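K.L.:
As a plain string of letters, each chain reads:
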Amino acid sequence: MVATVLWVYVGSVLWSMRISVSSSRTLPIADFVGARQYIRLFDTERWTLSLQNMALFGVLFIVGCLAVGFLLAVFVDQRVRGEGVLRTIFLYPYAMSFVATGLVWQWMLNPELGLQATVRGWGFANFTFDWIVRQETVMYAITIAAVWQASGLVMALMLAGLRGIDESLWMAARIDGIPPWRVYASIVLPMLGPSFGTAFVLLSVSVVKVFDVVVAMTQGGPGLASEVPAKFIIDNLLVRANIGLASAASTVLLLTVLVLLAPWFYARAHASRRGERVARTLRASDARGTAL
Amino acid sequence: MNDKITRLALAVALALGAAAGAHAQAQPNRAEVLHWWTSGGESAAVKELANAYTAAGGTWVDAAVAGGEQARAEAINRMVGGKPPTASQFNTSKQFLDLVDQGMLNNVDVVAAKNDWDRILPAPILSSIKIRGHFYAVPVDIHMPAWFWYSKAAFAKAGIAAEPKTPDEFFADLDRLKAAGIVPLAFGGQPWQEKITFYAWLAHVGGPDMYMKLYRDKDTAMVASPQFKALLASFKRLHNYVDAGSPNRNWNDATAMVISGKAGVQIMGDWAKGEFAAAHQTAGKEFGCFPGFGPKSPYLVAGDVFVFPKISDPAQVRSQQLLATVFTSPATQVAFSSKKGSIPIRTDVDLKGLDLCAQMGVNIMKDVSRQLPTPEMLITPDLEGSLQDVITKYWNTTESADDAAKAIAAALKNG
Numbered sequence: 001m002v003a004t005v006l007w008v009y010v011g012s013v014l015w016s017m018r019i020s021v022s023s024s025r026t027l028p029i030a031d032f033v034g035a036r037q038y039i040r041l042f043d044t045e046r047w048t049l050s051l052q053n054m055a056l057f058g059v060l061f062i063v064g065c066l067a068v069g070f071l072l073a074v075f076v077d078q079r080v081r082g083e084g085v086l087r088t089i090f091l092y093p094y095a096m097s098f099v100a101t102g103l104v105w106q107w108m109l110n111p112e113l114g115l116q117a118t119v120r121g122w123g124f125a126n127f128t129f130d131w132i133v134r135q136e137t138v139m140y141a142i143t144i145a146a147v148w149q150a151s152g153l154v155m156a157l158m159l160a161g162l163r164g165i166d167e168s169l170w171m172a173a174r175i176d177g178i179p180p181w182r183v184y185a186s187i188v189l190p191m192l193g194p195s196f197g198t199a200f201v202l203l204s205v206s207v208v209k210v211f212d213v214v215v216a217m218t219q220g221g222p223g224l225a226s227e228v229p230a231k232f233i234i235d236n237l238l239v240r241a242n243i244g245l246a247s248a249a250s251t252v253l254l255l256t257v258l259v260l261l262a263p264w265f266y267a268r269a270h271a272s273r274r275g276e277r278v279a280r281t282l283r284a285s286d287a288r289g290t291a292l
Numbered sequence: 001m002n003d004k005i006t007r008l009a010l011a012v013a014l015a016l017g018a019a020a021g022a023h024a025q026a027q028p029n030r031a032e033v034l035h036w037w038t039s040g041g042e043s044a045a046v047k048e049l050a051n052a053y054t055a056a057g058g059t060w061v062d063a064a065v066a067g068g069e070q071a072r073a074e075a076i077n078r079m080v081g082g083k084p085p086t087a088s089q090f091n092t093s094k095q096f097l098d099l100v101d102q103g104m105l106n107n108v109d110v111v112a113a114k115n116d117w118d119r120i121l122p123a124p125i126l127s128s129i130k131i132r133g134h135f136y137a138v139p140v141d142i143h144m145p146a147w148f149w150y151s152k153a154a155f156a157k158a159g160i161a162a163e164p165k166t167p168d169e170f171f172a173d174l175d176r177l178k179a180a181g182i183v184p185l186a187f188g189g190q191p192w193q194e195k196i197t198f199y200a201w202l203a204h205v206g207g208p209d210m211y212m213k214l215y216r217d218k219d220t221a222m223v224a225s226p227q228f229k230a231l232l233a234s235f236k237r238l239h240n241y242v243d244a245g246s247p248n249r250n251w252n253d254a255t256a257m258v259i260s261g262k263a264g265v266q267i268m269g270d271w272a273k274g275e276f277a278a279a280h281q282t283a284g285k286e287f288g289c290f291p292g293f294g295p296k297s298p299y300l301v302a303g304d305v306f307v308f309p310k311i312s313d314p315a316q317v318r319s320q321q322l323l324a325t326v327f328t329s330p331a332t333q334v335a336f337s338s339k340k341g342s343i344p345i346r347t348d349v350d351l352k353g354l355d356l357c358a359q360m361g362v363n364i365m366k367d368v369s370r371q372l373p374t375p376e377m378l379i380t381p382d383l384e385g386s387l388q389d390v391i392t393k394y395w396n397t398t399e400s401a402d403d404a405a406k407a408i409a410a411a412l413k414n415g
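Residue numbers (the working numbering), protein chains in the order written: chain A, 1 to 292; chain B, 1 to 415.
Please keep in mind that the hints were generated in silico from the structure rather than gathered at the bench.
Model, not experiment: these values are computed from the prediction.
Please note: incorrect hints may appear among the correct ones.
[Stated by the list, open to error] Not close to chain B: a few residues of chain A, all C-beta gaps over 10 Å, as computed: (1) 35; (2) 71; (3) 79; (4) 83; (5) 87; (6) 89; (7) 121; (8) 123; (9) 196; (10) 221; (11) 224; (12) 258; (13) 266.
[What the hints assert, rightly or not] Partial list, derived from the structure: chain A residues whose beta carbon lies under 8 Å from chain B: (14) 108; (15) 136; (16) 222; (17) 241.
Cβ coordinates follow ideal geometry from the N, Cα and C atoms, glycine included.
Using the sequences plus the hints, can you model the full thing?
P.N.:
Right, here's the structure in full:
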């Protein structure tokens, strides 16, 4: 089992890294060209643009999903009627393939077919909503659709967290006359830390591999305005017969993820070390207590 | 999703292969043919190839994989994995050059010599399939990616009497269409469509000489010249005539705009004919076609080929040679092209089965000086992709022609 896992995961990562320092085009070649593919990669405007787009998308998408997901969870947690139905509706976008729903979003946001055309048809001739066809705004249009899709998942995670909060806390707050929003902000939110952590990691992973939403909605356009790294890799791997460059790009992406995750791992390791230290101190004082 | 399709296709192909393997002895000249012709018109066309092969005493095993990229990836994976199909589709281009270099293909020199391919095939196709004196692929069709398709109704409404003969007349017509409240240019703003519009503009307006200097000679001095920058500027001028909904529009949705008369002209390959046919429109009646400006306009030659993976089994080699013979015979060529919307690879065929635009194409092909290879035949997919990135950026942003020319020169140096 361990051998298989090592072979499949670590092995394929190492293999990609090996290819990234070769001159491979259609087929893998075992020569060595040093950092040439990497130099070319960062000379390529489309790649640097893809990284910028991913960063912008990442921040907006994660903040958006956490905010919308949390609010949805709070809403569903009010013991509203038809909770089951609402939960399903909110979670449904996540269950559907974005290849299908992305097409609907593409039509809706298209200025000639969708929202803009409809509202103009109602008589508001100056109404403009053409984010998806404009260079500066297309990433925001994509973020809206992506938040719509993923916030249901965040809601489910948050809802589980909310349900885990003891009823007695709420009763105590009510007796003290604390308004509910205050309870959410000062007590519930901090208690949901682990749920936020889980959601954050899941969302981060989907930011790095974001692909289907872009392909379904814009195919990276208009121009290069919504290109993302995963699409760059797939294009070079399959269409452009350039697996050397594609491997270099995926290696950079992997390193980026590791760099981003390193602080988190460090914080966790630090926290558990601190936990151990506290435990040691307690044991020590315990021992002293026994001695006394 | 693409990945899923590939995997599914792989499973199907393996199952087919296993099932067929068991019967291999009973089937004479068994040929497993991997291709990506899956749409309605395309599968009707590939059926013509299968029928011709069966009639010649072969057994056709169809291995269709949806999507050109997926099909080519699948073919390469199977070759690397040691279980290649008998024949596999590629575009008439440099896509299979790496496979030749790695010694992974059989040549069909015997068939080529017997049928005198050197004489009957157009030069652009020969330059793609004949590598270091050996024939590594069999061409099956010619597609011309840069036709102009226009709605006769829209032209009449705008008061345009004749097809434009020069780029200036074309711009004047676009202005007339705009004034008549019609979308002048039906445009699908996806990078590959922007790219072929650029090819078309470079070939028709810049001229074959400038075209070959860019794609064949990779001449950076030409790219820096004022003439080339003027060409870039005139290409960008077309952007004034597209509608706001053009970004990421599919090519067939743009064709539909011409079919309905909502738009005037579309610059697109001859596969667009399939859309007109599906809407029951006839060339010369509801819509018109012209391959460029004036009587000497260049004709871009693209198309599909089949390559033959390296197999040593003599029975399979015989099947490969039979496929090559059948695919290129005049009767198969006409039957196939009339369904596919392409034109035959040879001009010594009966034109009666072909539509008006295809007949025009075959007659143009007889004038060797008008033939021009597509960029895919001259440059690697890698360089082509880099150039596509430059073109799509230039088309969609306010980048200057100077900067675009610099970016093209940089891409040429890298490729």
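K.L.:
Could you run down the list of hints and mark each one as holding or not?
P.N.:
Structure-based check of all given hints:
| no. | hint | verdict |
| --- | --- | --- |
| 1 | 35 | 15 Å, holds |
| 2 | 71 | 31 Å, holds |
| 3 | 79 | 39 Å, holds |
| 4 | 83 | 33 Å, holds |
| 5 | 87 | 27 Å, holds |
| 6 | 89 | 24 Å, holds |
| 7 | 121 | 15 Å, holds |
| 8 | 123 | 19 Å, holds |
| 9 | 196 | 31 Å, holds |
| 10 | 221 | 5 Å, violated |
| 11 | 224 | 5 Å, violated |
| 12 | 258 | 24 Å, holds |
| 13 | 266 | 34 Å, holds |
| 14 | 108 | 12 Å, violated |
| 15 | 136 | 10 Å, violated |
| 16 | 222 | 4 Å, holds |
| 17 | 241 | 4 Å, holds |
Violated hints, in rising order: 10, 11, 14, 15; the structure is consistent with all others.
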